[in-house]
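Colleague: Since the structure of chain A is provided, determine the placement of chain B on it from the hints.
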Amino acid sequence: MNVAPPKTLGELFLGFLSIGARSFGGVMPWAHRVMVEERRWVTEADFAETIGLCQFLPGPNIGNASVVYGKRWFGLAGALVAFLGLFALPFVWVLALFALYADFAATNATLRAVVTGVGAAGAGLFIGTAIKLGRVLVRRPAALVLITACFLAAGIGRASLFLVLPISFACALFAARRDWL
Amino acid sequence: MTLLELSLYFMLLSLISVGGMPSVLPELQRYAVDVKGWMSPEDFIQIFAVGQAAPGPNVLIASLVGWKVAGLPGALLALASMCGPAAVLAWWVAEAWERFKDSPWRRAIQRAIAPVVVALILSGGVILATPGAPDWRLWAIAAATAIGMLTSKVNPLWFLAAGGAIGGFLLA
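Line order of the protein sequences matches chains A and B. Each residue of the first sequence is one higher than the one before, counting from 6 in my numbering. Each residue of the second sequence is one higher than the one before, counting from 4 in my numbering.
No lab work stands behind these hints: they were computed from the structure. Quantities reported herein were computed from a predicted structural model and do not represent experimental measurements. Glycine is no exception: its CB is placed at the ideal position from the N, C-alpha and C atoms. Heads up, a few of these hints could be off.
As the list claims (entries may be wrong) - Keeping only pairs whose Cα atoms sit at most 20 Å apart, straight-line, the calculated DMTMM-like set for lysine to aspartate or glutamate is:
hint: 1; chain 1: B; residue 1: Lys71; chain 2: B; residue 2: Glu45
hint: 2; chain 1: B; residue 1: Lys104; chain 2: A; residue 2: Asp184
hint: 3; chain 1: A; residue 1: Lys12; chain 2: A; residue 2: Asp51
hint: 4; chain 1: B; residue 1: Lys104; chain 2: A; residue 2: Glu54
hint: 5; chain 1: B; residue 1: Lys104; chain 2: A; residue 2: Asp51
Unchecked claim - Here are the computed distance ranges between Cβ atoms for each label pair:
hint: 6; chain 1: B; residue 1: Ala143; chain 2: A; residue 2: Ser165; range: 22 to 32 Å
hint: 7; chain 1: B; residue 1: Met42; chain 2: A; residue 2: Asn113; range: 34 to 44 Å
hint: 8; chain 1: A; residue 1: Lys12; chain 2: B; residue 2: Gly135; range: 19 to 29 Å
hint: 9; chain 1: B; residue 1: Gly135; chain 2: A; residue 2: Arg140; range: 40 to 50 Å
hint: 10; chain 1: A; residue 1: Ser165; chain 2: B; residue 2: Lys104; range: 33 to 43 Å
hint: 11; chain 1: A; residue 1: Val8; chain 2: B; residue 2: Leu75; range: 32 to 42 Å
hint: 12; chain 1: B; residue 1: Asp37; chain 2: A; residue 2: Val8; range: 40 to 50 Å
Next up, chain A with everything else stripped away, as it sits in the complex:
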């Protein structure tokens, strides 16, 4: 497969703009479509490798990916342009949608109920995702203990993540180094 990076900053911007513009129901499938299939900027393997890295870094993974690719091709200007392209339209849309919603929701109980239902379904998607990712992991007892302890602390006990994350990550790293995970 022949791939070539974008030639100009404008091309980079438009590519990321089109990812953001169409990212209904998740950004990652659109990022893949635009960068690998339509514009052929990167190979399948490169894309998977970069996204894999960005999933292990803090921050929104697609936001990080825009910075990593932007930097690779055009340095600092590229990182900024790719990032701005990605967020420009979704930012405007989410604020517009929320402003519109807030206007109507003030007087409309049914609308509030509908949106709360959407939120509950979104919560269900999180729970489903956690089960999907977790069911492979929990074959190892150490992982099951970690997940349970971390969930009890953050989800039930409502402890601060600034406490839960360092402690649980340190324990997890200890376990991973001993090959328990």
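Modeller: Just chain B, lined up with the frame of chain A:
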């Protein structure tokens, strides 16, 4: 003052947001609702719902929190603060990560992060489905969505739409 606080908080949150926005939702809810009282738990689930239903990266939920607290400047600042520190880290780490491809530490880090992220995403789901007192209707919608998602390959947007329809029926 609020803007400064908002920005500092999201910058810190950015640095611990391993696994992205889903992982930090329990913490964001705790801070915005319980600690600062910027909004009610119901407001938070509605912000989350709008953020999920709108196209775009789900980190935009941060900009909705900013908007709610301090209008447009708050929205811009919250998004920039939530993405900035992590982006700077990605900038520096991307090449180093490549170099340590075969290091045992890299593999250990990858394996260590996975269970923590799973627990945090699960926490986010449970907290969002329980905004106030436990409500069986919200739990039923969440449980049905989770089961549906695990047993089919339907686009998640349909589940959000179904959740909205059932919500309008059950919760109004």
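Colleague: Confirm or reject each hint.
Modeller: Quick rundown of the hints versus the structure:
1. Simply put, Lys71/B and Glu45/B have alpha-carbon atoms about 13 Å apart, close enough for the 20 Å limit, and the pair holds.
2. At most 20 Å may separate the alpha-carbon atoms for a hinted pair to count; Lys104/B and Asp184/A meet this at roughly 18 Å.
3. Distance restraint check for Lys12/A and Asp51/A: the Cα-Cα separation of roughly 18 Å lies within the 20 Å cut-off, and the hinted pair is therefore satisfied.
4. Only pairs whose Cα atoms come within 20 Å are accepted, and Lys104/B paired with Glu54/A is accepted, the gap being roughly 11 Å.
5. For the given pair, Lys104/B sits about 14 Å from Asp51/A by alpha-carbon distance, which is consistent with the 20 Å threshold.
6. A C-beta distance of roughly 30 Å is found between Ala143/B and Ser165/A, which places it inside the suggested range of 22 to 32 Å.
7. Distance hint for Met42/B and Asn113/A: a CB-CB separation of about 19 Å, inconsistent with the stated range 34 to 44 Å.
8. The given range of 19 to 29 Å is broken by Lys12/A and Gly135/B, whose C-beta atoms sit roughly 54 Å from each other.
9. For the pair Gly135/B and Arg140/A, the beta carbons lie near 30 Å from each other, so the given range of 40 to 50 Å is not met.
10. Checked against the hint of 33 to 43 Å, the pair Ser165/A and Lys104/B passes, with Cβ atoms roughly 34 Å apart.
11. Evaluation of the 32 to 42 Å hint for Val8/A and Leu75/B yields a pass: the beta carbon distance comes to about 39 Å.
12. A beta carbon spacing of about 48 Å between Asp37/B and Val8/A agrees with the range 40 to 50 Å that was offered as a hint.
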